[in-house]
Amino acid sequence: MMKGKIFILTSVILLVCFSCRNSASKTSEFVFPESDSIPVGEAEKLSSEAIEEISKNITSPVEIANLLQTMSVPYSPDYLASSLDANRQTTAFDKALTLGILGADLGYLNIYEKTGSSIDILSSIRKLAEGIRVGQYFDFETIKRLSLNRSNLDSLLFLSIDSYTQIDKYLRDNDRGQLSSLMIIGVWLEAQYLATQVMKEYPDPMLRDRIGEQKIILNDLIMLASPYCTNDTEFNSLCRDLQEIKDKYRDVKITYTLGEPVTEEKDGGLVVSQTETSNVDMTEEQLNGIIEVTKNIRDKLISND
Amino acid sequence: MIRMKKYFITILLLLMAIALVNGQSSDPLVSSCVMNAGPNTRYLKDFRIQLGKTTTPGELRYKAQMSLWKNTTYKFSLCNSEDSKGKLILSVKDNANKTVISSFDQKTGKIYPYITFTCNKSGIYHLNFDFANGQSGSGVGVVSMVR
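Residue numbers (this note's numbering), protein chains in the order written: chain A, 1 to 305; chain B, 1 to 147.
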């Protein structure tokens with residue numbers, strides 16, 4: 001009888017302990033190196049809700065990659081940050097930024113269904129995520145399996161994007177908002193690089209407009225970084241880089257025409273076409289300036305020095 | 001009596017463990033909503049909404065933002081959990097607070113489970129979710145790109 005009770009109790013304890021494979025306990029606390037911790041008060045120049053909203057405004061790299069595919073731009077591994085060595089990213093700053101950059105590359109690979117080529121990037125992402133102690137949010141094994149099987153792209157996209165969303169949320173919820181901001185900035189910068197480099201080789205009015213329209217969210221991006229600009233020289237340098245990009249966008253104009261949406265019912269759902277439009281007014285010189293500054297900053301950030 | 005108490009505690013612990021395991025598995029509603037968005041779609045993001053009943057239905061309570069881009073067709077899929085009393089509804093407004101799309105037709109009371117939206121004006125849009133008539137509910141809104 002006694003042995004039976006001990007067995008049941010032990011089983012319960014074991015079941016609880018091993019029930020979590022990819023979730024962190026919400027009550028667990030992480031201890032960070034002091035240089036990665038900032039006093040809560042300093043980071044709260046923007047409310048956490050405002051930062052969360054801003055982070056959702058940033059373009060997904062999947063959208064850029066989808067646009068390129070729509071334009072029939074062929075896949076090229078030359079656009080990827082292949083020179084980045086995860087082992088050489090020593091600081092949390094470098095790891096978080098690189099995590100973002102590689103996340104954008106992963107989105108590009110997934111959309112072009114070059115999922116077999118994504119294994120190296122996945123391994124790097126895993127290493128970097130573990131380096132900033134968010135590895136539990138990246139379901140590496142499942143994503144790797146889906147990548148190798150090429151069976152379900154939607155599942156792959158969902159898991160990949162969801163992993164990053166969870167990492168972002170965890171970092172902000174645990175007063176590590178500066179790493180979340182770095183990750184988001186890294187994603188944006190790499191997607192911007194991709195768009196601008198393709199624009200050089202395959203000029204296209206839709207892509208040109210998309211590059212010009214990034215002006216809409218550039219202020220938000222800078223706001224994500226601004227609470228941390230005085231943290232250290234790395235962040236200060238990044239903030240100056242973002243300002244440099246913003247300067248190139250200063251004279252790009254975006255105008256709007258008004259209109260009412262056209263709506264029709266179809267197959268049980270609604271189909272809505274927007275008649276309002278946005279229009280980008282950007283000279284060739286302005287575009288070239290944006291392309292050049294993006295490349296310079298991105299290349300600097302991915303050099304392993 | 002004491003024996004009964006001990007058995008009860010043991011069973012309670014087992015049930016708690018089972019609940020803990022289920023709570024930490026991936027959300028099946030999100031997964032199914034994503035997978036059922038359609039063959040020509042690519043997942044972008046999802047919003048998980050759980051709200052209680054409100055006594056003052058009107059303004060939609062769950063608010064989010066996302067950027068939508070010109071020359072892109074998006075699909076907004078709305079999925080309800082089995083035990084949801086209310087049906088999930090969505091309205092999307094632009095930065096000038098103008099309603100661009102709404103899944104709930106106030107005149108007819110019809111609720112559309114999905115909206116396909118061709119965006120021609122890039123910008124930050126405000127997504128507002130709630131459950132029809134302020135009812136309580138649990139659901140997921142999935143945003144996908146249509147290829």
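Honestly, I wouldn't trust all of these hints.
[As the list claims (entries may be wrong)] With a Cα cut of at most 30 Å, we get these calculated BS3-like pairs of lysine-lysine: (1) A/Lys246 / B/Lys98; (2) B/Lys63 / A/Lys246; (3) A/Lys114 / B/Lys85; (4) B/Lys45 / A/Lys246; (5) B/Lys93 / A/Lys127; (6) A/Lys169 / B/Lys70; (7) B/Lys70 / A/Lys56; (8) A/Lys200 / B/Lys70; (9) A/Lys144 / B/Lys45; (10) A/Lys253 / B/Lys98; (11) A/Lys200 / B/Lys85; (12) A/Lys253 / B/Lys85; (13) A/Lys114 / B/Lys70; (14) B/Lys45 / A/Lys266; (15) A/Lys56 / B/Lys98; (16) B/Lys45 / A/Lys253; (17) A/Lys246 / B/Lys85.
[Stated by the list, open to error] Below, a sample of chain B positions facing chain A; criterion: calculated Cβ distance under 8 Å: (18) Val34; (19) Arg42; (20) Leu44; (21) Lys45; (22) Tyr114; (23) Thr118.
[To be verified] Here are the computed distance ranges between Cβ atoms for each label pair: (24) B/Ser136 / A/Glu49: 17 to 25 Å; (25) A/Glu284 / B/Gly38: 35 to 43 Å; (26) B/Gly58 / A/Thr70: 38 to 46 Å; (27) A/Ser303 / B/Thr108: 56 to 64 Å; (28) B/Ser136 / A/Gly259: 36 to 44 Å; (29) A/Glu292 / B/Ser136: 49 to 57 Å; (30) B/Glu59 / A/Lys266: 24 to 32 Å; (31) A/Ser83 / B/Arg61: 44 to 52 Å; (32) B/Lys85 / A/Glu284: 54 to 62 Å.
Hints in this document: simulated from the structure, not taken from any laboratory. Remember, it's a predicted structure, so these values are computed and weren't measured experimentally. Yeah, the Cβ is synthetic: ideal placement off N, Cα and C, and Gly gets one too.
Here is how each hint holds up against the structure:
no. : hint                            : result
1   : A/Lys246 / B/Lys98              : holds, 28 Å
2   : B/Lys63 / A/Lys246              : holds, 29 Å
3   : A/Lys114 / B/Lys85              : violated, 43 Å
4   : B/Lys45 / A/Lys246              : holds, 27 Å
5   : B/Lys93 / A/Lys127              : violated, 40 Å
6   : A/Lys169 / B/Lys70              : holds, 28 Å
7   : B/Lys70 / A/Lys56               : holds, 17 Å
8   : A/Lys200 / B/Lys70              : holds, 21 Å
9   : A/Lys144 / B/Lys45              : holds, 21 Å
10  : A/Lys253 / B/Lys98              : holds, 22 Å
11  : A/Lys200 / B/Lys85              : violated, 53 Å
12  : A/Lys253 / B/Lys85              : violated, 47 Å
13  : A/Lys114 / B/Lys70              : holds, 26 Å
14  : B/Lys45 / A/Lys266              : holds, 24 Å
15  : A/Lys56 / B/Lys98               : holds, 20 Å
16  : B/Lys45 / A/Lys253              : holds, 29 Å
17  : A/Lys246 / B/Lys85              : violated, 48 Å
18  : Val34                           : holds, 5 Å
19  : Arg42                           : holds, 6 Å
20  : Leu44                           : holds, 6 Å
21  : Lys45                           : holds, 7 Å
22  : Tyr114                          : holds, 4 Å
23  : Thr118                          : holds, 5 Å
24  : B/Ser136 / A/Glu49: 17 to 25 Å  : holds, 23 Å
25  : A/Glu284 / B/Gly38: 35 to 43 Å  : holds, 39 Å
26  : B/Gly58 / A/Thr70: 38 to 46 Å   : holds, 40 Å
27  : A/Ser303 / B/Thr108: 56 to 64 Å : holds, 60 Å
28  : B/Ser136 / A/Gly259: 36 to 44 Å : holds, 37 Å
29  : A/Glu292 / B/Ser136: 49 to 57 Å : holds, 54 Å
30  : B/Glu59 / A/Lys266: 24 to 32 Å  : holds, 29 Å
31  : A/Ser83 / B/Arg61: 44 to 52 Å   : holds, 47 Å
32  : B/Lys85 / A/Glu284: 54 to 62 Å  : holds, 57 Å
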